[in-house]
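In the order they appear, the protein sequences are chains R and Y.
Sequential numbering from 239 applies to the first sequence in the numbering used here.
Sequential numbering from 239 applies to the second sequence in the numbering used here.
What the hints contain is simulated information worked out from the structure, not anything from laboratory work.
Careful, some of the hints might be misleading.
One copy or any two copies: either way a pair holds, since identical chains are not told apart in the list.
[What the hints assert, rightly or not] In silico SDA-like links for lysine to any residue, alpha-carbon gap of 25 Å or less: (1) K261 / G456; (2) K246 / E397; (3) K486 / L473; (4) K246 / H293; (5) K459 / D490.
Number of protein chains: 2
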Amino acid sequence: MYLSFMIKVILLGSGNVAVHLAKAFVKNKNIDFIQRFGRSNSNVNFFDKTIPVIHKISELKPADVYLIAIFDDAISDFSKQLKFNQGLVVHTSGNKSLNTLQCNANKGVFYPLQTFSKEQKVDFKKIPIAFETEQENDFILLEKLAKLLSNETYNIDTEQRKKLHIAAVFANNFTNQMYKIAKDICEEHYFSFDILKPLIQETANKLLTLSPEKSQTGPAKRSDEKVIENHLQQLSKNQKEIYKLLTKSIIDTHK
Amino acid sequence: MYLSFMIKVILLGSGNVAVHLAKAFVKNKNIDFIQRFGRSNSNVNFFDKTIPVIHKISELKPADVYLIAIFDDAISDFSKQLKFNQGLVVHTSGNKSLNTLQCNANKGVFYPLQTFSKEQKVDFKKIPIAFETEQENDFILLEKLAKLLSNETYNIDTEQRKKLHIAAVFANNFTNQMYKIAKDICEEHYFSFDILKPLIQETANKLLTLSPEKSQTGPAKRSDEKVIENHLQQLSKNQKEIYKLLTKSIIDTHK
Numbered sequence: 239m240y241l242s243f244m245i246k247v248i249l250l251g252s253g254n255v256a257v258h259l260a261k262a263f264v265k266n267k268n269i270d271f272i273q274r275f276g277r278s279n280s281n282v283n284f285f286d287k288t289i290p291v292i293h294k295i296s297e298l299k300p301a302d303v304y305l306i307a308i309f310d311d312a313i314s315d316f317s318k319q320l321k322f323n324q325g326l327v328v329h330t331s332g333n334k335s336l337n338t339l340q341c342n343a344n345k346g347v348f349y350p351l352q353t354f355s356k357e358q359k360v361d362f363k364k365i366p367i368a369f370e371t372e373q374e375n376d377f378i379l380l381e382k383l384a385k386l387l388s389n390e391t392y393n394i395d396t397e398q399r400k401k402l403h404i405a406a407v408f409a410n411n412f413t414n415q416m417y418k419i420a421k422d423i424c425e426e427h428y429f430s431f432d433i434l435k436p437l438i439q440e441t442a443n444k445l446l447t448l449s450p451e452k453s454q455t456g457p458a459k460r461s462d463e464k465v466i467e468n469h470l471q472q473l474s475k476n477q478k479e480i481y482k483l484l485t486k487s488i489i490d491t492h493k
Numbered sequence: 239m240y241l242s243f244m245i246k247v248i249l250l251g252s253g254n255v256a257v258h259l260a261k262a263f264v265k266n267k268n269i270d271f272i273q274r275f276g277r278s279n280s281n282v283n284f285f286d287k288t289i290p291v292i293h294k295i296s297e298l299k300p301a302d303v304y305l306i307a308i309f310d311d312a313i314s315d316f317s318k319q320l321k322f323n324q325g326l327v328v329h330t331s332g333n334k335s336l337n338t339l340q341c342n343a344n345k346g347v348f349y350p351l352q353t354f355s356k357e358q359k360v361d362f363k364k365i366p367i368a369f370e371t372e373q374e375n376d377f378i379l380l381e382k383l384a385k386l387l388s389n390e391t392y393n394i395d396t397e398q399r400k401k402l403h404i405a406a407v408f409a410n411n412f413t414n415q416m417y418k419i420a421k422d423i424c425e426e427h428y429f430s431f432d433i434l435k436p437l438i439q440e441t442a443n444k445l446l447t448l449s450p451e452k453s454q455t456g457p458a459k460r461s462d463e464k465v466i467e468n469h470l471q472q473l474s475k476n477q478k479e480i481y482k483l484l485t486k487s488i489i490d491t492h493k
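So here's chain R without its partners, still in its complex pose (with noise of 0.2 Å):
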């Protein structure tokens, strides 16, 4: 019924998500974005001035959707402070089950898949969002809102996400730490990390049209003992011991 109409949205949080979610409604046509609940003024100069912001639950409006977007471990305890009966309740974490949420209101998650800086613009056409809703007939709802933000929507269970909660681990902050290493490894040698970034873009290239069992080169892949014995003597005890644990995992995925 309410579809043919605005969703109405109230964000609760102040965080890196909430900064981008806030950014997405304010520029959504479709999105009527009522209210934003902070704990405190922290970004407040992250988000769009237009929007009422509301320091009370109290004070909280009827809405469609209530987005909290605050730190796992808070959201429990938090949404017991939500009394009302009427609208759709969801979390934004990737880690935390349905029933983390403890309100009257209809639960949901509403999870969108990215790693978000305050400082970085990013295209939220782009970022999937895995959603999940208690009830059916919320689905309708909360898909419609995923799919006005987003051009890649998922709807996957608890399970599920929680897994893709870890993969995203290993996608983004292992990568990253990777990264991290390498750029250690230049510095030390004294020669630029900016050698190594076109590489890098075209390593996360290559997993468009290729997988990553396909697109691994390199010594390990190679079984290429001799190689992969020299670059052991050239690195710092804990550079090694990452070396030789993910070369036998290349060698494991490729004999």
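Following the hints, put chain Y in place on chain R, whose structure we already have.
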């Protein structure tokens, strides 16, 4: 002196690096690509038909630069067959010293730092070339050749190049293995690896404006023991070992 003329090059090899170097040479008006030596006919369809191919060392013509693009371990023995004294002989390996070359002519290294697959198109202009010469008067020639092919040329010595090669293993091979593990986790739980691709692209893109330290996020960065413990319980033995070690590495970086 010869620098106002075209540079005469001969390519020796038939592998991925040779395929892409050949494409770049053929396109370049300032490069006179006079011969390619290939022991066998392998990959012959990946090379432009207009390039004269020879199979015997004795048929090599005089040239300014002879580029050896063959397996690392074959370079030394192969180069012993090059008995001529004129011109500059270079290998294209990231991991071998200049003195791996055992020829009579002057020596150098010409290392294009990229992950080459035969099927994948590359823009050679964006591929960093690390080069090195034994004789100072060859430097201008090899730098000129590098600059004809690429906008990013780096004069680095053998020791630095070896470290660069190791850094590239982290930035490319190990990163790619992170993608592979992420893909495994998706497939084990029946959702598409495609969900992670925008995150992977953004992880690489962020690097163009932020250092890997600055762009790091996630449970290890926050030392979030609860999430880390929860993730570990959901992983297979091999995945768990990698998760633990890389989490420790991120915590050490950010403590």
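Hint numbers not upheld by this structure, sorted from lowest to highest: 2
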